[in-house]
Amino acid sequence: MKHVFDKLFESRVWRSIFRHGLPTSNRTRAEAVFYNFFLHVHPTKVRKRSIRYTYTWGLGGLSVGLFIVLTVTGALLMLYYRPSVQQAYWDMKDLQFVVSSGQFLRNMHRWAAHAMVAVVFLHMLRVFYTSSYRPPKEFNWVIGVFLLVITVLLSYTGYLLPWDQLSFWGISVGTNMVRAMPCGFGEKISFLLLGGNIVGENALIRFYVLHCFIIPVVAMVLMGIHFWRVRKDGGV
Amino acid sequence: MNGEKNFQMEQSSDAKKVPKRVAFIKGRTVARVKKEDEEMVMTVPNLVVKEVIAFEMMIVVLTIISLVFNAPLEWIANPEHTPNPAKAPWYFLGLQELLHYFPPVVAGVILPTLAVIALIVIPYFRINLKREGLWKEDRKQTLVVLIATVGSVSVVLIFFEVYAMLVPTLVMTAFVLAPYFSKKEHGIVGWLGLRPLSWWIMTWFVINVVVLTAIGTLFRGPEWTWTWPWQEIY
Ligand code: HEM
Chain F
1 MKHVFDKLFE
11 SRVWRSIFRH
21 GLPTSNRTRA
31 EAVFYNFFLH
41 VHPTKVRKRS
51 IRYTYTWGLG
61 GLSVGLFIVL
71 TVTGALLMLY
81 YRPSVQQAYW
91 DMKDLQFVVS
101 SGQFLRNMHR
111 WAAHAMVAVV
121 FLHMLRVFYT
131 SSYRPPKEFN
141 WVIGVFLLVI
151 TVLLSYTGYL
161 LPWDQLSFWG
171 ISVGTNMVRA
181 MPCGFGEKIS
191 FLLLGGNIVG
201 ENALIRFYVL
211 HCFIIPVVAM
221 VLMGIHFWRV
231 RKDGGV
Chain Y
1001 MNGEKNFQME
1011 QSSDAKKVPK
1021 RVAFIKGRTV
1031 ARVKKEDEEM
1041 VMTVPNLVVK
1051 EVIAFEMMIV
1061 VLTIISLVFN
1071 APLEWIANPE
1081 HTPNPAKAPW
1091 YFLGLQELLH
1101 YFPPVVAGVI
1111 LPTLAVIALI
1121 VIPYFRINLK
1131 REGLWKEDRK
1141 QTLVVLIATV
1151 GSVSVVLIFF
1161 EVYAMLVPTL
1171 VMTAFVLAPY
1181 FSKKEHGIVG
1191 WLGLRPLSWW
1201 IMTWFVINVV
1211 VLTAIGTLFR
1221 GPEWTWTWPW
1231 QEIY
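Top line first, the protein sequences correspond to chains F and Y. Anchor point for the first sequence: position 180 equals 180 in my numbering, and the numbering is continuous, going up by one each time. In short: position in the second sequence from 1, add 1000, done, that's my numbering.
Please note that the accuracy of each hint is not assured.
Straight-line C-alpha distance at most 20 Å; calculated PhoX-like pairs for lysine-lysine [as the list claims (entries may be wrong)]:
hint: 1; chain 1: Y; residue 1: K1140; chain 2: Y; residue 2: K1183
hint: 2; chain 1: F; residue 1: K45; chain 2: F; residue 2: K232
hint: 3; chain 1: Y; residue 1: K1050; chain 2: F; residue 2: K48
hint: 4; chain 1: F; residue 1: K48; chain 2: F; residue 2: K188
hint: 5; chain 1: Y; residue 1: K1050; chain 2: F; residue 2: K45
hint: 6; chain 1: Y; residue 1: K1136; chain 2: Y; residue 2: K1184
Sample of chain F residues lacking proximity to chain Y, with all beta carbon distances greater than 12 Å (derived) [to be verified]:
hint: 7; residue: K2
hint: 8; residue: R19
hint: 9; residue: L39
hint: 10; residue: G65
hint: 11; residue: H114
hint: 12; residue: G158
hint: 13; residue: I171
hint: 14; residue: C212
hint: 15; residue: V218
hint: 16; residue: M220
hint: 17; residue: V221
Treat the hints as calculated values from the structure; they're not laboratory data. Note that beta-carbon positions come from the ideal geometry of N, C-alpha and C, so glycine has one too.
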C-alpha cells in the first residue's frame, strides 16, 4: 500500500499539480508552502512565539474561517432567496419548512454572521492589548478598523433580507440614525441607501446587492491587503 | 570546473551559527531589541496543523449551535405595525441606548464617528507606542489632568443622566488612582501602576461598549423603559 502511494506521489501527473514531494524534510516542507497558492500567504518559517494559541487566540484566523463559512452558506442561501417584497419572506419560510436542511443552512449563516462581528472585535482587542499596532504595522491597524466597519455593515445589510418584523424595524431604526446627520447629509445618504424615503422594495434590492456583492468584494480586497501586510511585516 | 560544487551553503535562522549583523535603530521606531535567536519553526506542519484544528473546532461549534438554536423569523414585515420597542441588531444597541440619552446627532453620528477616528489614530501617537505606566512621569500633573478630565466627563454624563456610563467611569477612576495612593510595586496595584494611558482609555471604551450593548439588548422594553430579561414584553 505504501508502495502504491509512493508511486503516486512520484508520478508526473501528481508532480504537475504539487511540485514537491511529501513534506518529510525541511526542504520539502518549505516547498509545500511556497509552491502552494493557498499556503503562500505564509512564510516558510514562523516564529514559534507568534503561533501560540494564547498569543493570537487564533482570532484573525477565525475571522477568516467565519468569512469562508459565510461565503459558502450565503451562496447556497442565494439559490433559494429572491430579493423582492412579494417573495423574500416566503422564501425564508420555504427554507425553514420545505428545503432540506434549509433551516440548518439559515442557522449556520445567521450565527456565523453574529459570531464574526464579535470575533473581529475581539481580534482588534487582542491586537491592541499586545501592542501589535506598533510600526511598521500602523497602517495595517487602520485597514483593520475599516475591516471592522465593513464586517458590521455586511452583517447589517444581511439583517434586512428575511423581510420580517425584526429586519424591517431593525433597518428602520438604523437608517433613522443616519438621518440625524447634519446639513441635510443624513436625508441624502439615507435616500441613497434606501432608494427612497422608506424601507421598501428599492431598499431590499439595494441591501441585497450590497450584502451579496459589493461589500463582500470590498471585504475580500481589504483582507487581501491585510494578510499581505501581516506577512510583509514579519507575521505569520 | 566540472560544475560540481566542493562546498555547501549553510542556511540557518540560528543567529549563533550565521555571522552576526549590526542593526542601527533610529529613534523613530520604538523597537524592543528582540532576543537574538527567536526560535523559528517550519510553517508546515506546525502552523498549518494549528490552523486546521482551529477551523475544524469552529465548524463543530457552529454546527452544534445551528442544530440547537434556530435563527429567529418573526411575522412578515408590516410598516403599519411598529413593534415596541423597535430594536436594531445587537451590535447597534449600544448606540441605540445612547440615543435614549443624547440628541440623535450626538448618539447616531458624532459619537460613533469619534470612536472610529479614535481607533484609527491609535498607532500614530508616540505615547501609544512607548506605553509607559500612566504614573511614570510627573505624578502631580497627571493627577490634576486626570481629575479634570474625569470631572468634566462626569458633569456631562450627569447632565444627560447617563448613569450607565457614569458608574463604570467612576469605578474605573478608582482603579486608575489606586497606584497613586498606594506605592506598592507588586501585586494588582503594582500591575495597575504599569498600565499606560492608552490601556486605560481602551479598557474604558470596551467596558462602556459592553455595558451599553448589554443594557440595550437585555434590559430595555416598551418605550425603552428598564425591563428585566425575564419580564415578557412581546
Ligand atoms: C475581517 C476582519 C479581519 C480579519 C479576517 C483579520 C485577519 C487577520 C489575521 C489572520 C491576522 C494574523 C494574526 C492573527 O491571527 O491575529 C491578523 C493580524 C492583524 N490584524 Fe487583523 N483581521 C481583521 C480585522 C482586524 C481589525 C478590526 C484590526 C484592528 C483594528 C486588525 C488589525 C490587525 C493587526 C495590526 C495585525 C498584525 C498583528 C500582529 O502582527 O501581531 N485586524 N488579522
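For each hint, the structure was consulted:
Restraint check: the Cα-Cα separation between K1140(Y) and K1183(Y) comes to about 14 Å, which is no more than 20 Å; the hinted pair holds. Distance restraint check for K45(F) and K232(F): the Cα-Cα separation of roughly 13 Å lies within the 20 Å cut-off, and the hinted pair is therefore satisfied. Simply put, K1050(Y) and K48(F) have alpha-carbon atoms about 12 Å apart, close enough for the 20 Å limit, and the pair holds. In summary, the hint linking K48(F) to K188(F) is not supported, as the alpha carbons are separated by about 52 Å, beyond the 20 Å threshold.
For the given pair, K1050(Y) sits about 14 Å from K45(F) by alpha-carbon distance, which is consistent with the 20 Å threshold. Our distance criterion of 20 Å between C-alpha atoms is met by K1136(Y) and K1184(Y), whose separation comes to about 14 Å. The Cβ of K2(F) sits about 19 Å from the closest Cβ of chain Y, beyond the 12 Å cut-off, so the non-interface label holds. For R19(F), the requirement that its beta carbon stay farther than 12 Å from each beta carbon of chain Y is met, with the minimum near 14 Å.
Once the 12 Å rule is applied to beta carbons, L39(F) is inconsistent with being away from chain Y; the minimum gap is 7 Å. Taking the minimum C-beta to C-beta distance to chain Y, about 5 Å, the non-interface status of G65(F) is violated against the 12 Å cut. Chain Y draws H114(F) into its interface by the beta-carbon criterion, the shortest separation being 8 Å against a cut-off of 12 Å. G158(F), annotated as away from the interface, has a beta carbon of chain Y within 12 Å; the closest lies near 9 Å.
With a closest Cβ-Cβ approach of about 8 Å to chain Y, I171(F) is found to fall inside the 12 Å limit, against its non-interface label. The Cβ of C212(F) lies farther than 12 Å from every Cβ of chain Y, with a closest approach of about 18 Å, so its non-interface assignment holds. The non-interface label for V218(F) is consistent with chain Y: the shortest C-beta to C-beta separation is roughly 16 Å, beyond 12 Å. In this structure M220(F) is separated from chain Y by more than 12 Å, as the shortest Cβ-Cβ distance comes to about 18 Å.
Under the 12 Å C-beta cut-off, the non-interface status given to V221(F) relative to chain Y holds; the minimum distance is some 18 Å.
Going down the numbered hints, you'll see the structure goes against 4, 9, 10, 11, 12, 13, while the others check out.
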